[in-house]
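Using the sequences and the hints, build the whole thing.
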Amino acid sequence: MREMNGFDEEQIGRLLRLLPPAPEGWVRAAQELPAARATLDELVARAEQDAAFRLQLRADLERAVAAAGYEPSPFIVSRLRRLLEEV
Amino acid sequence: MAVEQTDAQLVSRCRAGDPEAWNEFVERFSRYVYAICGRGFRLAQHDAEDVFQEVFARAFERLSELRSDDAVRPWLAMLTRRLCIDRLRLIARDAPSDPELDEGAIDDVLGQLDEAMAVRAALDTVGDPCREILDSFFCRDESYRTIGDRLEIPAGTIASRISRCLDKVRAELDGRSRASRPS
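The listed protein sequences derive, respectively, from chains G and Y.
The first sequence lines up with residues 1 to 87 when you count with my numbering.
The second sequence lines up with residues 88 to 270 when you count with my numbering.
For the record, the hints were derived by calculation from the structure and aren't laboratory data.
Backbone N, C-alpha and C define an ideal beta-carbon position, used for all residues, glycine too.
Check the hints yourself; a few may be wrong.
Claimed, not checked - Derived contacts from chain G toward chain Y, CB cut-off under 8 Å, selection only:
1. Leu15
2. Pro21
3. Pro34
4. Arg37
Said to hold, decoys possible - As a list, the in silico SDA-like pairs of lysine to any residue whose alpha-carbon atoms are at most 20 Å apart:
5. Y:Lys255 with Y:Ala266
6. Y:Lys255 with G:Leu16
7. Y:Lys255 with G:Glu86
8. Y:Lys255 with G:Ala64
9. Y:Lys255 with G:Glu9
Claimed, not checked - A few chain G positions that, by computed beta-carbon distances, are all more than 12 Å from chain Y:
10. Phe7
11. Glu10
12. Ala35
13. Ala45
14. Leu55
15. Leu61
16. Glu62
17. Ala67
18. Gly69
19. Pro72
20. Glu85
Rendered as structure tokens:
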């Protein structure tokens, strides 16, 4: 990295402009990952033990997740789809 | 001045399962990852969102594999870069006329973003109200009036406050630079 010494106020302003905030919804979704991960762990564990549930997930993943009492968020659905390939 | 937690300390807290630490982790690096997707790779917003979420999902899953907690930022940069390239390849498969990646230009942008993160860290140390004023003006592109209304300070004084705050950030950066120089 370049030496930070000697930056004038204009350069500092220019550098600050390079880092606008990410959209709030994206940040919130990323912050909710630990909770989503717990949901995924529960769903995968159930899929591993319950062949009927596994079939439901493969037939209609979003509906099966909702029927199991979980919010089928885009993150949960996409991640679960990938994890199910390994089950 | 605010006490700034190092990246390594923050990663260590995440590993220990501190629920607040992950929120702070995302807060600290969200702009960086977002800027790499947007400024570095010029991804469209919906592609950038997918990459952004994937970066943090992988970071969450693989934080324990990080060899040095201090290296979390370059690690995130590499992860984001790889996922952006994957996404561009996917897009190029459907639209092969897209221009080729200019890796040199991307390196330049990433270098600038690293400098911007250093400025950001200095701003965090300077703390509020400077952080809020400079963030509002430079990062959120808010007008003097909007900033003044929100912070309940006269809009006519915003320019001079910005100038004073920039001076504080510069002094903080100078102090860091002196401290990191071998004696």
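Checked hints:
1. Leu15: At about 4 Å, which falls below the 8 Å cut-off, the nearest Cβ of chain Y leaves the hint on G:Leu15 intact, so it holds.
2. Pro21: 6 Å, holds
3. Pro34: Cβ of G:Pro34 sits 6 Å from chain Y, so the hint holds.
4. Arg37: Hint on G:Arg37: holds, closest Cβ of chain Y at ~7 Å, below 8 Å.
5. Y:Lys255 with Y:Ala266: This hinted pair holds, its Cα atoms lying about 16 Å apart.
6. Y:Lys255 with G:Leu16: Between Y:Lys255 and G:Leu16 the Cα gap is close to 14 Å, so the pair holds against 20 Å.
7. Y:Lys255 with G:Glu86: 53 Å, violated
8. Y:Lys255 with G:Ala64: With Cα atoms ~55 Å apart, Y:Lys255 and G:Ala64 exceed 20 Å; violated.
9. Y:Lys255 with G:Glu9: 10 Å, holds
10. Phe7: At roughly 6 Å from the nearest Cβ of chain Y, G:Phe7 sits no farther out than 12 Å, so the non-interface label is violated.
11. Glu10: 9 Å, violated
12. Ala35: The claim breaks: G:Ala35 does not keep its Cβ more than 12 Å from every Cβ of chain Y (closest is about 9 Å).
13. Ala45: 17 Å, holds
14. Leu55: 26 Å, holds
15. Leu61: 17 Å, holds
16. Glu62: Holds, because the least Cβ-Cβ distance between G:Glu62 and chain Y comes to about 17 Å, which exceeds 12 Å.
17. Ala67: The claim stands: G:Ala67 keeps its Cβ more than 12 Å from every Cβ of chain Y (closest is about 24 Å).
18. Gly69: Since the minimum Cβ distance to chain Y is about 22 Å, G:Gly69 lies beyond 12 Å and the statement holds.
19. Pro72: G:Pro72 is indeed farther than 12 Å from all Cβ atoms of chain Y, at 15 Å.
20. Glu85: 16 Å, holds
Hint check: violations occur at hints 7, 8, 10, 11, 12; the rest are consistent with the structure.
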